[in-house]
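Fit chain P to the given chain X structure using the hints.
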Amino acid sequence: DVKVTQSSRYLVKRTGEKVFLECVQDMDHENMFWYRQDPGLGLRLIYFSYDVKMKEKGDIPEGYSVSREKKERFSLILESASTNQTSMYLCASSPFGGMGQPQHFGDGTRLSIL
Amino acid sequence: RKEVEQDPGPFNVPEGATVAFNCTYSNSASQSFFWYRQDCRKEPKLLMSVYSSGNEDGRFTAQLNRASQYISLLIRDSKLSDSATYLCVVNIGGNTGNQFYFGTGTSLTVIP
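These protein sequences, in sequence, are chains X and P.
Here our numbering runs 867 ahead of the position in the first sequence, where the first position is 1.
Here our numbering runs 3 ahead of the position in the second sequence, where the first position is 1.
None of these hints come from the bench; they were simulated from the model.
Check each hint, because a few of them may be wrong.
[What the hints assert, rightly or not] Derived lysine to any residue pairs resembling SDA-like cross-links, with alpha carbons at most 25 Å apart:
#1 P:Lys48 x X:Arg940
#2 X:Lys922 x P:Glu46
#3 P:Lys5 x X:Gln952
#4 P:Lys5 x P:Asp42
#5 X:Lys937 x X:Ile980
#6 X:Lys885 x X:Glu936
#7 X:Lys938 x P:Leu49
[Said to hold, decoys possible] Stretches of chain P that chain X covers, calculated by requiring three or more beta carbons in the stretch to come under 8 Å of a beta carbon on chain X:
#8 48-62
#9 104-110
Just so it is clear, CB atoms sit at the ideal spot from N, CA and C, and this is done for glycine as well.
Looking at chain P on its own, in the form it has when it is part of the complex:
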């Protein structure tokens, strides 16, 4: 079983729409959670960390559900520039904090 699973999509949505991605993780000891954005042929860039209480950054809202072991990303009022692949990342922690696990990514295309 994969450590982190995401729906690969693709999600094709019109401008202005609200879209949500979910990601599940298998290790209940997971400690830190992140969403990254990756544009075509570019490196992943940190979009936001996910905190237990949920957090918001402009049009983006991240939620964590430890009981059900999933995290979510909500994008409101989608822009064309939001078109990218969104990666869910989980950190197991440990002594060195170097156990990161990546989902395979969810592809989003925002259509004019």
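Only chain X is shown next, with the shape it has when bound in the complex:
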């Protein structure tokens, strides 16, 4: 089974802090994704990566950056946390090419910015 592990289930940070969310997958997937999920808005793509050191902006990249130094690890960084970044953050991975291959999600990180 694919295992996608997010570093924290719950996280509380203060406005202005730099926040790191880590995600590791064990299936050698090329594609990795960061989403946030808010009530009534569904999943919104922040960034994705299809290879080491490669990254592409999703629909809502403002206020975020990412890092992919190793294939198995994809980090989301909130450069200066703000209260409107309080949300559920979900990491996912999928194989390259992806025909017929679904995404697999981590448990999610519930982030609260005070």
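Frame of chain X; chain P shown alone:
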């Protein structure tokens, strides 16, 4: 126009009922289709992929209609444990296969 649209519900059905959800997609180049289940405050989990010929997994049946650009999920003999949000997901494909589009989900509550 959204890439994927779902009726948000909520659907409240009695145990044992049959319930169906539909999802429409706008991009005719869409190549792969999935249904995910998401429990409250949990991550989405793959329920089933949707194949062109339609496919069944126990009480769950998924159908794809490419001509009308919709997919459906049928749940027979609903159980209390089926209560969740069901997400429709479409993959456009492309070179890297990383273009996934999500519906906002349909909420199902099965009532005793």
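The hints, checked one at a time:
Restraint check for Lys48 (chain P) and Arg940 (chain X): satisfied, since their Cα atoms lie roughly 20 Å apart, inside the 25 Å limit. About 23 Å separates the Cα atoms of Lys922 (chain X) and Glu46 (chain P), which keeps this hinted pair within 25 Å; it holds. For the hint linking Lys5 (chain P) to Gln952 (chain X), the alpha-carbon distance of about 23 Å falls within 25 Å, and the restraint holds. Between Lys5 (chain P) and Asp42 (chain P) the CA atoms are separated by roughly 24 Å; this keeps the pair inside 25 Å, and the hint holds.
Taking the CA atoms of Lys937 (chain X) and Ile980 (chain X), the gap is about 28 Å. The hint is violated against a cut of 25 Å. Straight-line distance between C-alpha atoms of Lys885 (chain X) and Glu936 (chain X) comes to about 19 Å, which keeps the hinted pair within the 25 Å bound. Between Lys938 (chain X) and Leu49 (chain P) the CA atoms are separated by roughly 23 Å; this keeps the pair inside 25 Å, and the hint holds. Only residues whose C-beta sits within less than 8 Å of a C-beta in chain X count toward coverage, and the stretch 48-62 of chain P has 3 of them, enough to reach three; the restraint holds.
Beta-carbon proximity to chain X at under 8 Å applies to 4 residues in the stretch 104-110 of chain P; the threshold of 3 is reached and the given coverage holds.
Checked against the numbered hints given earlier, the structure breaks only hint 5 and satisfies all the rest.
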